[in-house]
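Asks: Residue strings, one per chain:
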Amino acid sequence: MTETQTQTRTQPLVVEREETKPGFVGQNVPRKEDKRLVQGEGVFFDDVKRHGMGYVHFVRSPYAHAKIKSIDLTKAMELGGVYGTLTGDEVAILTDPFFELSVKPGADIRDYALAVGRVRHVGEPVAAVVASSRELARDAADLVEVDYEPLPVLTTAAEALKDETILHDDAGSNVVWQGVFDWGDWEGAKAEADHVVTIERLHFDRFSSTPLECAGALVEYNRGTGQWTMYCNHQMPGIGAIWMAPALRTGIDKLRFVTQDIGGAFGNKICLHPQFVALCLLARKLKRPVQWTEWRTDQHTANAHGNERTFLDVEVAVRADGTLLGFNCRALDDCGAFPRYEPLGCIIWAQVTPGCYRWRNIRVDFTQVCTNKSPVSPNRGYSRMQHLWLTERIIDIVAHELELDPVEVRKRNYVRTEDMPYETPNGCVYDSGDYARGLDLALELIGYEQLEEKRRDAEERGRLLGFGIGSTLDSGTNNFGQSTLLNPELQFSGNNEVATVKLDIFGEIVVTLGTVPQGQGHETTAAQVVSDILACSPDDVTVRPGHDTYWNSNAGFSGTYASQFAVTGLGAVKGAADMLASQIKRVAAGVFGATEDDVELAEGQARLKANAEAAIPFMGIGAIVNANNAILPMDVRDVTLNCRYVYVPPFQLPDFERKFGNLTLTYASQVHVCLVEIDPETGVYDIVDYAAVDDCGKRIHPQIVEGQVHGATAQALGAATTEIFAYDDEGNLLTPNFYDYHVPHALDMPPMQNGYLESPSPFTPLGAKGMGEGGGAGIHAVCAALQDALKSRGKPVVWRSCNPYHQVWQYLQEPPRGLEVSGR
Amino acid sequence: MKVEGTRTFAAPRETVWEVLNDPARMAKAMPGVESFDVQDDTHWTANVKIPLGLGGLSMSIEFEKTEERRPEFAEISAKGDGVGAIMSMVTAFHLAEAAEGTKMKWEAEVKIAGPVGSMGQRVLQPIVNQQVTNALSALDEQVQEAAAS
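Each protein sequence line maps, in turn, to chains D and Z. Residue numbers for the first sequence follow the working numbering, beginning at 1 and rising by one. Residue numbers for the second sequence follow the working numbering, beginning at 1 and rising by one.
Calculated from the structure, these hints are not laboratory results. Predicted model, so just to flag it, every value in this text is computed and none were measured. Take these hints with a grain of salt, some might be off.
[As the list claims (entries may be wrong)] Calculated cross-link-like contacts (lysine-lysine; reagent style DSBU-like; alpha-carbon spacing at most 30 Å):
| # | chain 1 | residue 1 | chain 2 | residue 2 |
| --- | --- | --- | --- | --- |
| 1 | Z | K111 | D | K162 |
| 2 | D | K69 | Z | K2 |
| 3 | D | K162 | D | K454 |
| 4 | Z | K79 | D | K75 |
| 5 | D | K69 | D | K162 |
| 6 | Z | K65 | D | K67 |
| 7 | D | K162 | Z | K2 |
| 8 | D | K69 | Z | K65 |
| 9 | Z | K28 | D | K67 |
Full structure from sequences and hints, please.
Replies: This is the structure:
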C-alpha cells in the first residue's frame with residue numbers, strides 16, 4: 001500500500017491509500033447522461049403526454065385539523081372541460097388503508113389516499129378534480145365547497161405527547177412508537193465520570209430537500225389486463241408497490257413504474273403512494289389517462305418534510321482529560337400527520353449510534369408522535385443527520401464548558417483506524433476510515449494554524465470569528481432487518497439489488513439497472529465497471545436510462561436511496577458483467593477448442609492468451625450465440641449472453657431483545673470545518689472559509705463524488721442558516737415557497753476547498769462505499785462555529801440546528817444556557 | 001393572531017353602545033364593505049374586499065352576536081370565506097364610563113387559514129393593524145354623528 005499526496009489550493013487534496021489501477025474505474029470519464037440533459041433532451045414524466053388525458057388538481061385542506069362535514073362538487077362539475085372528481089368517501093370504499101410499519105398504537109392509524117372524514121394538516125388532499133387543462137383543473141378545484149369544523153391543533157411534539165387532543169382516534173394516542181435503547185452501562189459510566197454535563201434541550205429543526213422537479217405521474221389504466229402504468233418520478237418503486245398494491249386490492253404485477261430522467265429526489269419521492277393511488281383510481285374511474293404535476297407550494301406544504309427532533313435532558317459522562325464515556329437522553333421525534341415511512345426513523349439513527357466516537361455507554365429513550373404538520377419522509381441524511389447533530393453538539397458544548405480543545409477532544413475520542421473494522425456498542429461495524437487524518441486534512445486546508453491571528457483580525461474589524469467542525473458518517477447499504485427492532489412482526493431483512501448485462505447480435509453491450517437514478521450518474525459509473533471487466537470502452541456500453549419495472553430486472557429493495565448504489569447497484573453490475581465475461585470466454589473457448597482459462601478479453605475481443613491473433617470480436621460472439629448457435633459445441637449451448645445478477649450483502653438478522661446487530665454495510669466519513677464571522681450588532685454572519693474532506697472508499701468517478709459533496713454541503717448550509725419549515729399556532733406553514741424558504745444559491749455558497757481520503761471498504765465488491773447523502777456535516781460545523789464565535793458573549797448554547805440571523809441576534813441578546821456541570 | 005386596544009370616545013356610553021350594536025352603522029365603519037344584509041338582531045352578513053396585495057381579497061363574512069350585556073359588553077363572532085383564505089374572528093368590547101366620555105376596551109382573535117394564512121403574521125399583522133386603525137377612526141365618526149343627531 002502506498003500513499004501519494006498532491007495538493008494545490010485550487011485542486012482537491014487527495015490521499016489515496018492504494019495504487020491506482022489501470023482501467024476506467026477511478027477516472028473522470030465523460031458522463032453519459034450529460035449530453036441529453038445539457039441539450040434539454042432529457043425526458044421527465046411531465047414530458048410524457050397521452051391523447052385525451054386529463055389533468056389532476058388536488059383540493060387541499062386550509063385547516064391543520066378539522067372535521068369534514070360535507071363536500072359539494074356540484075359547481076366544479078358544472079364547469080365545461082371538467083372530466084370528473086374523486087373524494088375521500090370514494091377512496092374509503094374502493095381501497096384499504098395503507099400498510100403501517102409500526103406496532104400499536106401507530107399500527108392502528110388509518111391512512112388513505114385522500115382525507116376521510118377529517119383533515120390533519122394544511123395541504124392534505126381532500127378531493128381531486130380532473131379537467132382538460134392544468135389551469136382549468138385548478139380553477140375547478142376552487143369551486144369545490146368543503147364545509148369544515150375546525151378542531152384543536154397540535155403544532156409541537158411536546159403538546160402531542162400529552163394526548164389531550166388525539167389526531168387518530170383509531171390509534172387512541174398520538175404516540176406512533178416508543179422504545180428505550182440501552183447499550184453498555186450508562187449508570188456505570190456516570191459513576192466513573194469526573195464530570196457529568198447536562199444539556200436541557202437541543203432541537204433539530206424541520207426542513208427538507210427541494211428537488212428541482214416536483215413530484216408527479218402520468219397514469220394509464222389498461223382495462224383489458226387490469227394494469228396501471230405510471231410514468232413518474234417515484235424513486236423507490238419496490239416499496240411504492242408494496243404500499244399501493246394491497247391498498248388497491250391488486251398484485252404488484254399490476255403496477256408498472258416507468259422513469260427516465262428524474263430531477264432530484266432526496267427521499268421525498270419515496271412516499272408518493274397516497275397521491276399515486278388517487279391517480280390510479282381516477283384513471284380507472286374516468287377511463288382516460290390522468291397526469292398530476294405537483295405545484296411548488298404543494299411540494300413545500302404537503303409532500304414530505306425531514307424529521308423534526310428534540311433532545312431533552314442530555315447527560316454526558318466525561319473524564320477530566322476529555323475522554324467521553326457515554327451519554328443519555330430523551331429523543332422526541334415529530335413525524336407530522338401520518339407516519340408513512342415511519343417509524344423507521346426511530347431506528348435508522350442507530351446506524352450511527354456513537355457518531356465517530358468510541359464511547360461505549362449510550363442510552364436513548366425515543367418517542368415519536370404525530371402532529372398537525374406535513375408528514376415526514378426520508379430526507380437526504382435520513383434520521384442519522386439528526387442524531388449526528390446531537391453527537392457533534394455534545395462534543396462542542398462539552399468541550400466549551402470544560403474548556404477543552406474541540407480538536408483534541410475529537411482526536412482523543414475518534415474511532416481509530418487501527419481499530420477498524422470497529423464494532424459499535426449496538427453491534428454495527430464501521431468498515432474502514434481514518435477520521436483523525438480527515439480532520440488533519442481539513443485543518444490544513446482551512447489554515448487552522450493561523451486561527452488566532454484570524455480571530456484577532458476579525459476583532460479589529462468589530463467582528464466575532466468562530467471556528468467549527470462537523471465530523472459525520474454516511475452509513476450506506478441498509479440491513480432492512482433493522483425494521484424488526486421496531487416491530488418484530490415485520491418480515492423484512494437484508495438487502496438486494498439487481499442488474500442485467502447482455503451481449504446482443506451486433507455486439508451491443510446493454511445494461512439494465514434495478515436502481516432508479518435521479519441524477520447520480522448511474523449510467524456512467526455502471527459503464528465504467530462493465531468496460532473494465534469486459535476490456536472495452538465505456539462508449540461501447542449502453543446503460544438503459546431510468547427504470548421500467550416491466551423490462552428492467554427488479555429485486556425487492558430496488559431503488560436509489562440510503563447511500564448504496566456504489567455498493568449494491570454496482571455490486572450487481574459487477575456480478576452480471578463477471579457472468580457475461582465468463583460466458584463470452586466459454587463461447588470463444590468452444591470455437592477454438594480451448595478452455596475458458598485459455599481465453600482473455602481485450603480490446604472488445606475474446607482471444608487466446610497464447611495467440612492474440614486468434615480472436616473473435618464481441619460482435620461475432622453475439623452473432624454466434626443469438627443467430628448461429630448450431631456451430632457451438634453442445635457443452636456451451638446453455639450460454640445466453642444475457643446475465644442477471646442479484647447482489648445480496650452479507651447481513652444477519654439483528655437481535656430484537658438487545659436492539660443489537662449490524663444495520664448497514666459501509667460507513668463513509670466526512671469532516672467539514674468552517675470559519676464564520678458575526679456582526680455582534682445585528683447577528684448577521686458570513687461563512688468566510690470552508691473545507692470538506694470526504695472518505696468514501698474507492699471512488700469510481702471522482703468528479704461525481706465531488707459533485708455529491710458539493711450538493712450535500714449546500715443542503716447542509718441551507719439547513720444551518722435559512723431553510724426551516726416554520727408553522728404558526730394554527731398549523732399554517734409560514735415558509736411555503738422559495739421566497740420564504742431560502743435555498744442557497746450559487747452566490748450564497750462560501751469559498752470551499754475539498755479533500756479526499758480513500759479507505760477502501762473491505763466488505764464491498766469494489767471497495768467503494770455509498771456516499772450520496774453526506775451526514776449533514778455542514779450543519780454541525782456552522783453550529784459549532786457560531787458557538788465558538790459567541791463564547792465571549794455569555795457562552796450561549798447553540799441549541800437549534802437552523803440559526804438564521806435573527807436567531808443569532810437572540811443568542812446575543814439573551815444567551816441561552818440550559819446547562820449544568822456536575823463534577824468531582 | 002390576537003389584536004387588542006383601548007379607545008376613548010367623546011360621547012355617552014349609551015350612544016357608543018347604540019352605534020356598536022347597529023349593523024348599518026357598523027357597516028359604514030368597516031373598511032372595504034361592498035354590501036351588507038341584516039337577517040335579524042343577532043345575525044348579519046357582509047361582502048368585503050380587503051386590500052391585500054394585487055386586487056384585494058374578496059370575502060363573504062357571516063356575523064353573529066353571541067353575547068351581550070347592555071351597555072357594557074358584547075361579543076361578536078364572524079366567519080368568512082374567500083379565494084385562498086378562510087377567516088374566523090371573535091371580537092369582544094367592553095364599554096366603561098370615563099371622565100371624557102366612554103372608554104372602550106376591545107380585543108379580537110383572528111384566525112386565517114389557507115394560502116393567505118401561510119403568509120404569516122409578519123405580512124398580515126401590519127394589514128390587520130391598518131384595518132383596525134381605519135375601522136376605529138370610522139367608528140369615531142359614526143359615534144360623533146350619532147351624538148350630534
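Asks: Next step is simple, just say for each hint if it's right about the structure.
Replies: So, going through the hints one by one against the coordinates:
1. Simply put, Z/K111 and D/K162 have alpha-carbon atoms about 24 Å apart, close enough for the 30 Å limit, and the pair holds.
2. For the hint pairing D/K69 with Z/K2, the CA-to-CA distance comes to about 27 Å; that is within 30 Å, so the pair holds.
3. Distance restraint check for D/K162 and D/K454: the Cα-Cα separation of roughly 49 Å exceeds the 30 Å cut-off, and the hinted pair is therefore not satisfied.
4. At roughly 22 Å between alpha-carbon atoms, Z/K79 and D/K75 fall within 30 Å of each other, so this suggested pair holds.
5. Taking the CA atoms of D/K69 and D/K162, the gap is near 27 Å; set against the 30 Å cutoff, the hint holds.
6. With a CA separation close to 24 Å, the supplied pair Z/K65 and D/K67 stays within the 30 Å bound.
7. A threshold of 30 Å between alpha carbons decides the hint, and for D/K162 with Z/K2 the separation of about 25 Å falls inside it, so the pair holds.
8. Restraint check: the Cα-Cα separation between D/K69 and Z/K65 comes to about 24 Å, which is no more than 30 Å; the hinted pair holds.
9. This hinted pair does not check out: Z/K28 and D/K67 have alpha carbons roughly 35 Å apart, beyond 30 Å.
The structure fails to meet hints 3, 9 from the earlier list, while all remaining hints are met.
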